[in-house]
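Listed in order, the protein sequences are those of chains R and H.
Counting from 1 along the first sequence, just add 421 to a position and that's the residue number in my numbering.
Counting from 1 along the second sequence, just add 421 to a position and that's the residue number in my numbering.
There's no promise every hint is true.
The list makes no distinction among identical chains, and a pair is therefore deemed to hold if it is satisfied within one copy or across any two copies.
Here are the simulated DSS-like pairs of lysine-lysine, each with C-alpha atoms no more than 25 angstroms apart in a straight line [said to hold, decoys possible]:
| id | residue 1 | residue 2 |
| --- | --- | --- |
| 1 | LYS423 | LYS656 |
| 2 | LYS449 | LYS594 |
| 3 | LYS594 | LYS432 |
| 4 | LYS784 | LYS601 |
| 5 | LYS649 | LYS727 |
Calculated directly from the structure, the hints in this document are not laboratory data.
There are 2 protein chains.
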Amino acid sequence: MKPFIYNIPVKVYFGEGQLSNLGRELSKYGKKVLLTYGGGSIKKIGLYDEVIKEIRDAGLEVFELSGIEPNPRIESVREGARICKEENIDVVLAVGGGSTIDASKFICAGAKVDFDPWDFLDLEKRAKIEDALPLLTILTLSATGSEMDNGGVISNLKTNEKLSNGSMCMLPKVSFLDPKNTYSVSEYQTACGSADILSHILEVYFTTENDLFMLDCVMEGLMKTVIKYAPIAMKDPTNYEARANLMWTSSWAINGFINGSKSTAWSCHPMEHELSAFYDITHGHGLAILTPRWMQYCLNDENIYKYVQFGVNVFGIDKNLSDREIAEKAIEKLSEFLFNDLKLQSTLKDVNINDENFAIMAKKACKGKESIKGFRELTPEDIENIYRMCL
Amino acid sequence: MKPFIYNIPVKVYFGEGQLSNLGRELSKYGKKVLLTYGGGSIKKIGLYDEVIKEIRDAGLEVFELSGIEPNPRIESVREGARICKEENIDVVLAVGGGSTIDASKFICAGAKVDFDPWDFLDLEKRAKIEDALPLLTILTLSATGSEMDNGGVISNLKTNEKLSNGSMCMLPKVSFLDPKNTYSVSEYQTACGSADILSHILEVYFTTENDLFMLDCVMEGLMKTVIKYAPIAMKDPTNYEARANLMWTSSWAINGFINGSKSTAWSCHPMEHELSAFYDITHGHGLAILTPRWMQYCLNDENIYKYVQFGVNVFGIDKNLSDREIAEKAIEKLSEFLFNDLKLQSTLKDVNINDENFAIMAKKACKGKESIKGFRELTPEDIENIYRMCL
Chain R
422 MKPFIYNIPV
432 KVYFGEGQLS
442 NLGRELSKYG
452 KKVLLTYGGG
462 SIKKIGLYDE
472 VIKEIRDAGL
482 EVFELSGIEP
492 NPRIESVREG
502 ARICKEENID
512 VVLAVGGGST
522 IDASKFICAG
532 AKVDFDPWDF
542 LDLEKRAKIE
552 DALPLLTILT
562 LSATGSEMDN
572 GGVISNLKTN
582 EKLSNGSMCM
592 LPKVSFLDPK
602 NTYSVSEYQT
612 ACGSADILSH
622 ILEVYFTTEN
632 DLFMLDCVME
642 GLMKTVIKYA
652 PIAMKDPTNY
662 EARANLMWTS
672 SWAINGFING
682 SKSTAWSCHP
692 MEHELSAFYD
702 ITHGHGLAIL
712 TPRWMQYCLN
722 DENIYKYVQF
732 GVNVFGIDKN
742 LSDREIAEKA
752 IEKLSEFLFN
762 DLKLQSTLKD
772 VNINDENFAI
782 MAKKACKGKE
792 SIKGFRELTP
802 EDIENIYRMC
812 L
Chain H
422 MKPFIYNIPV
432 KVYFGEGQLS
442 NLGRELSKYG
452 KKVLLTYGGG
462 SIKKIGLYDE
472 VIKEIRDAGL
482 EVFELSGIEP
492 NPRIESVREG
502 ARICKEENID
512 VVLAVGGGST
522 IDASKFICAG
532 AKVDFDPWDF
542 LDLEKRAKIE
552 DALPLLTILT
562 LSATGSEMDN
572 GGVISNLKTN
582 EKLSNGSMCM
592 LPKVSFLDPK
602 NTYSVSEYQT
612 ACGSADILSH
622 ILEVYFTTEN
632 DLFMLDCVME
642 GLMKTVIKYA
652 PIAMKDPTNY
662 EARANLMWTS
672 SWAINGFING
682 SKSTAWSCHP
692 MEHELSAFYD
702 ITHGHGLAIL
712 TPRWMQYCLN
722 DENIYKYVQF
732 GVNVFGIDKN
742 LSDREIAEKA
752 IEKLSEFLFN
762 DLKLQSTLKD
772 VNINDENFAI
782 MAKKACKGKE
792 SIKGFRELTP
802 EDIENIYRMC
812 L
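Isolated chain R (complex conformation) (with noise of 0.2 angstroms):
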């Protein structure tokens, strides 16, 4: 177990009603707010209007960045960092989901520089986020946890690339989370925005390095949390409890806490950043196709016993049959839940892909090294046999 550092001084205000805290928050970084939003639905729900309401009574002024995409584009958070230079912006106030939120991370820290903020991602420059606009945030869906991470993902679909980058400094300094807010996400958008959050969980659970009991224990106990409660929100789009669990459990699935030392790769993300590069399919949905198919061409007998403490902690499977069984069957649970209760497609065919970007996606998923060094070494030949898997 390696030493780690436990830093996320995110302040959360969760429930309802704790809109009425949003100007004082906001007053605390300046007088001139940026509100980043997407492609409307926040006007639709209500909350916009209410937004701009709190901003006005605490007498600070408003500008405004719409249509920031699903799976958002560099051209956003360059439009974004240029209206915070131009107008000498305070604070960003993202409203959305993680595609928001994360965009408007690259537009705190593209304010601060003269630079293109493509460099923060681009795999040869990287340049080093120093410095960046305070953010806060309204979470209108719970899947990515970027209302408390420090990291955010930026397409190019210029040069069909998916990028990652964070920074401490990116850290959104308080973030408001009211399940009712959530409560117009589709049903398939619910299903996606889960099989996130799960997929978030299963990258850190099942890697080869020993960390905490105690914090695997924590990871069953958030994947029971989806589990449950995912079909139930579908179902019943105004669950409030339902939404409560899935909106807490997104944030405490990526904001750094389960990972204790944990430092192994991801594997699934990458492979689908490509799918979503190439293809802007939806990203849980793209996880959620990837995720069994990984699982089972990792398996092997040095880490099956890492399916079986899954198979039986989190699904309940019967601990006195084979390890083998037991592997399988979670496997099987874990399919199961994804393509039926979640109802999502569960082959890349279902969702228009085909082989023919195979090889260089696969390569393009290691991001410039020769392979994932993830739970399981992955090669570009083993990536490729898992998204021919996934056909």
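Position chain H relative to chain R; hints supplied.
Relative to chain R, chain H alone:
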């Protein structure tokens, strides 16, 4: 489910070899450091020399307050606050367990006021804690969680009072958690610390408020961790894995995360505070004696579901048994853990406490109110009954 605010901006250096960051972290707050510690065990384990070296290497000036007692007394707080004011201390560094850290919190607050720091605790005066010197901690005992929360408990032997209070300004800025610093903790103190951790979780787990299933899962994971590792640490005191799991669990048992929106009053803690206020027994041991009796006393048809959940999920009791059987078995399993595995004496008689002060202690446990409104409302008569069950 009520709204809540999550806000725990403590930076934690977890693991070995992290003390090299101490000088840099202290320097952020000034030049003059007050080092506080207890009876000198930190000298025996070599930690004192290491700390002094780090402080001196950073060019800081160090003052000392040693001899802070278990169940720390208001006299130590007064003395620490006096030094801070006289020497213009910039930052306090507490090296020890919960007692040293709790006392240091009130030293930090006491340094900022002209009145007696007991006024912060006194039930009638209850002075507001609005400002405090910055506090850093180096933990040497896994128990109270004081390294990551904003409260503390101070004893006044003159008035036979053991009282608590808290404030965000007393929250440690940085805490150093090196499991090796707990290697020398005795078998008995390891047992008491573990009973304390378990009690912090049980006080939140056993409430009547509906809250997040996710947090119940986390609590069950933390409890399983204590149950698994406390006996290992007792048998094999230099077992890093056991010490690490207990240490990180102690912080998360009480830093506020597991509470969510729950605000129910705790029950066993105020009852125990009277035991150690009157008899100066070890807090965790008092809690161990009280907890199973409290659970037995509170059990009824309305709340039995919580016992069932606890028994099945924490102790793996067969869920096909009747609720009553599961509940009884759960209390039995908990008692076995506390009195067999942790080897703690199980009755008040064993620790030389008889019934002579039960009536006054029961009244005082209500802290000036008519009852403890916890998992089940407890009047002084109820509390006396529970004390009697412990004889």
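Do the hints match the structure? See the list:
1. LYS423 <-> LYS656: between (43 angstroms within a copy, 23 angstroms between copies)
2. LYS449 <-> LYS594: both (10 angstroms within a copy, 20 angstroms between copies)
3. LYS594 <-> LYS432: both (6 angstroms within a copy, 15 angstroms between copies)
4. LYS784 <-> LYS601: For LYS784 and LYS601, the Cα distance exceeds 25 angstroms both inside one copy (41 angstroms) and across copies (43 angstroms).
5. LYS649 <-> LYS727: both (22 angstroms within a copy, 18 angstroms between copies)
Comparing the model with each earlier hint shows a violation of hint 4 alone; every other hint is respected.
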